[in-house]
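From just these sequences and the hints, can you work out the full model?
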Amino acid sequence: MDTAVSFRTKVFLSITATVVLAVWIVAAVVSTLVTQSFERRDAQRTAALVSQLQREFERRGVDVARRVEAAADSDAVQRLAVNLAGQPGSQLDTSQYFAEAQTLAQEQSLDFLELVGPDAAIISSAEWPARFGYKEDWLPQAEDWKAQGVFLKKEDLADGSALGLITVRGVKAGDKMLYVAGGQRLDKEFLESLPATDGMRLQLYRNFEPLPSPESLGSKLAASLVEDVRREPRELTRVSDAATITAIPLRGRDQQLLAILLIENSRAELANLKRYIQGSAGIVGGACVLLGLMLSFWTASRVTRPLRDLATSVREVAMGKWDTRANVSSSDEVGQLARDFNGMTEQLVEQRDRMIQAERVAAWRELARRLAHELKNPLFPLQITIENLQRARAGSPEQFDEVFRESTSTLLAELGHLKTIVGRFSDFAKMPAPQLEPVDVNQMARQVIQLFEAQLGAPGRPPIETKLQLAAEAGEVAADPDQLRRALRNLVLNALDAMPQGGALTIRTLRHDNKVAVEVSDTGEGLTPEECDRLFTPYYTTKQHGTGLGLAIVQSVVSDHKGTITVHSKPGEGTTFRIELGTANA
Amino acid sequence: MRLPGWPWLALSSLLIASSLAGAVRPRYGGILTVELSSGGTAIDPGGINTALSAPITETLVRFSSRGEIEPVLAVAWQHDPDFKRWRFSLRPKVTFHDGEALTGTSAAPSLLAALKQKYGEVSIEAGGQALVIASDHGMPDLLEDLALPNAMVLRKSESDPLIGTGPFRVTAWEPGRRLTLAAFDDYWGSRPYLDGIEIEFGAGRGRADLFDIPLGPARRILPEGLATWSSVPRTLLAITVSNAESAPAQALSLLMDRAPIVNVLAQHRGEAAFGLLPQWLSGYEFLFQSMPDVVRAKQLVSQLRAGPISLSYAANDVFLRSVAERVALNARDAGVTIQPTPNAGGNLRLVELQLESTNAREELQRIAELVKAGDGASRLDASKPEARYQFERSLLEDHRIIPLVHLRETYGIGPRVHFQPPPADPFTLHLEDAWIQP
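Those sequence lines, one after another, are chains A and B.
For the first sequence, position 326 (counting from the first letter as 1) is numbered 326 according to my numbering, and the numbering increases by one without interruption.
For the second sequence, position 254 (counting from the first letter as 1) is numbered 840 according to my numbering, and the numbering increases by one without interruption.
Rather than coming from a laboratory, the hints here were simulated on the basis of the structure.
Fair warning: there could be bad hints in the mix.
For each label pair, taking beta carbons as the anchor points, the in silico distance ranges come out as [as the list claims (entries may be wrong)]:
#1 A833/B - E107/A: 26 to 32 Å
#2 S216/A - P928/B: 23 to 29 Å
#3 R979/B - Q255/A: 53 to 59 Å
#4 E269/A - P928/B: 24 to 30 Å
#5 S216/A - P894/B: 17 to 23 Å
#6 W138/A - V881/B: 39 to 45 Å
Each computed DSS-like pair below joins lysine-lysine, with the alpha-carbon atoms no more than 30 Å apart [what the hints assert, rightly or not]:
#7 K970/B - K702/B
#8 K742/B - K135/A
#9 K172/A - K135/A
#10 K154/A - K188/A
#11 K884/B - K154/A
#12 K702/B - K742/B
Glycine included, each C-beta is placed from N, C-alpha and C at the ideal position.
See below:
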């Protein structure tokens, strides 16, 4: 298959590739710059939010501390402390204070508040009233709770757990200590109080909750981030096409990881912008491709039309139209090429004419030489015979009569020979137009071999084996049977002449497509390439006794049948002549 | 019937009575105002509720404070040896609030409706002041049945939803909000001292002459010198179990630490309940007493693969909610997850069962029916507390009900309210004995 790419395609591809590459590079650079700009902005927003978060923690911590302080200073707590101080051990019936924490929590707007006795047993709990009597063993561990400040803590509730901003105050009850632990919940409301901007989303994962699913957190990225921070608590930022997520670990009093704050900056705006850039680049690229197409057509038409014209002229010259001239339409390289082509064809025509002239002269010389050679042979006996007659005239009449009879006989024989030579030349000159009819080539081949059977079987002749390799599918060809028989007979004669020491004569028929081939092969000495080139030239022969017309006649017959004849031969390997003719129904 | 706890109750009632009884003579007239934190969805035939008595209707007989049958509208009765036919003689000169005389014919419809619920095929023949109740089956417990609140003798009309023979009659009724009663001047017994009673439901201001002090975490600040009256424990707070699988209930029963519920959540207004009937009523409840056994409960739980269990309670009842949360907390200690749920069906339900009478057998039978444990109580011999003990024990071991607390009812009584005679019945506060000092 011809995979050659046209000049117009090359021009189109070059222009398109150049333009598309340029557009892609511009789009990529713009997209990268925009991405970097957005990432810087996200980082700034996240940092601002983290800073705001810290300030909010501090503000809430101060607020929680103030409220818990107020609860600790309340009359109810002071009364409880006094009662505790007046009772030895744990004798005080604290049941009357069961609801006190709820009342105080309501008054101080606290989500969590517990009054815990010196034995760490809960006296009253606002967040889980039923939990009275249970121990809060962590409370007596610190001596100065005020110095501990506010801290994050997991608070157990009846319906689960919550995260709280907690502080503790100790109230002296004689030599004992009453604890007031209170705080506020860190929940959705707390997150909503943070100044998140548009496109920013805050989520709080509490570490005591089941591991969140990607669906609950909104993305696989967030879920994997939570897993990583749980494994190694530290601030982490991850980026996906959809969002940039920063995870901030929130620790408790003992540095245990209590929660993870997820700050998610949507990259939807960036994605939209990128899509816009890519869309614009696509449109520009498409327009450039279209432009490139038009440009390539225009350029190609400007450049390739003279070349196409020149190529057409070359093909016409190749077909034999020597007078073809290329159109010179420009003065550039292509125009120069056309001018050079025209110059070349003119020179070729001149050289062809000169060669024809030379060949014509050579042919006449060869004809003259052959005629001289052919005629010279019979003329010499004629001359001798006539000279003998002249000498016999001087002798006795009886001797003369005898010489006369012999000489006239010789003269008639030689004149017959001359007549034969002249007839052959006459036959070659008078080759008639073939009368085409369907001819079975296999039958023709058998008939030709039969003609030579007697000659081949003559005593004293070196043995020549004949082989017929006839293809059953060879069928019929459109041919003049007399002329074709004559051509085959000439080839067989030629083969027999080529094997003076004997050998093998093979006639093979073949069929391919709409052609039938007949091959005649010998196992003679073979021919040189130079001999092969001149083999079909009339009056050319490599034999000592030949007119040089046999193969010329064969070629003439084949040519008149619009067939082809080729010869394959190498010295020492024999020679094969191959005639190809069209089938009868072609 | 003898009640072992009775001497103590009598003594306490006398002490309360001494504080409530005024030194001055009682006076007729005046309107008693009452505030109740709940109720009011329907008119209680007893007038207000089971612990506050202002009778609108009456039964043929009733239980005395000692649990014995005493006559009310019926003055005499006889029965055949098989208890299939009972004849009652009605009290003469008794009229309904609309003036119609009480006869066998007027009393029969309400009695027939009540008795059919229990006995099915039963007939009542009325003639004058006589009433004959007959059935193909023996009715040895008929007197106890007729003493229960659902056997009130009453009539209804389009204009009056409840027409009885009691000392008070209904004059106004706003369901869920207000009930106004007036003294029935033609009452067959002594006319009440009060001219009327105005009861407001859903109020909790504590400004009325008499108001209930509900249980719950919110402490109410009571006025200085306010007198209170508390009933004997008459409400059983318990968990009923609907699922036949007893292991979770058994574990829960072993886990329950009742003392904190009594002391803190109920503010000492009750007693830890180990039996279905309070000690004062059964006399044997102390035999069921046990301590929480968390270890055994954990062993039971370890054999279970139970998921969260729902414990439902009446919505908007803060006391029940706090108890449910405490139960859940106790259960969590043994690894049982209990989810308190308001007003939802579930395997466990926290319920308050009020005693309707002072009759132990009737009450035990009622509880058994409630937890669908058969009617074995009906076969009990009322004279044999041992049989009741065995039956109650079987009910408890069936783990269809887990008793938690026997609760008292407590009322605040304003300074102008007095009683004549002083309250002697620790089960009910009779407002027909109340009078107001101007």
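TODO: Output the numbers, in ascending order, of every earlier hint that fails for this structure.
DONE: Hints 1, 4, 6 and 8 not satisfied by this model.
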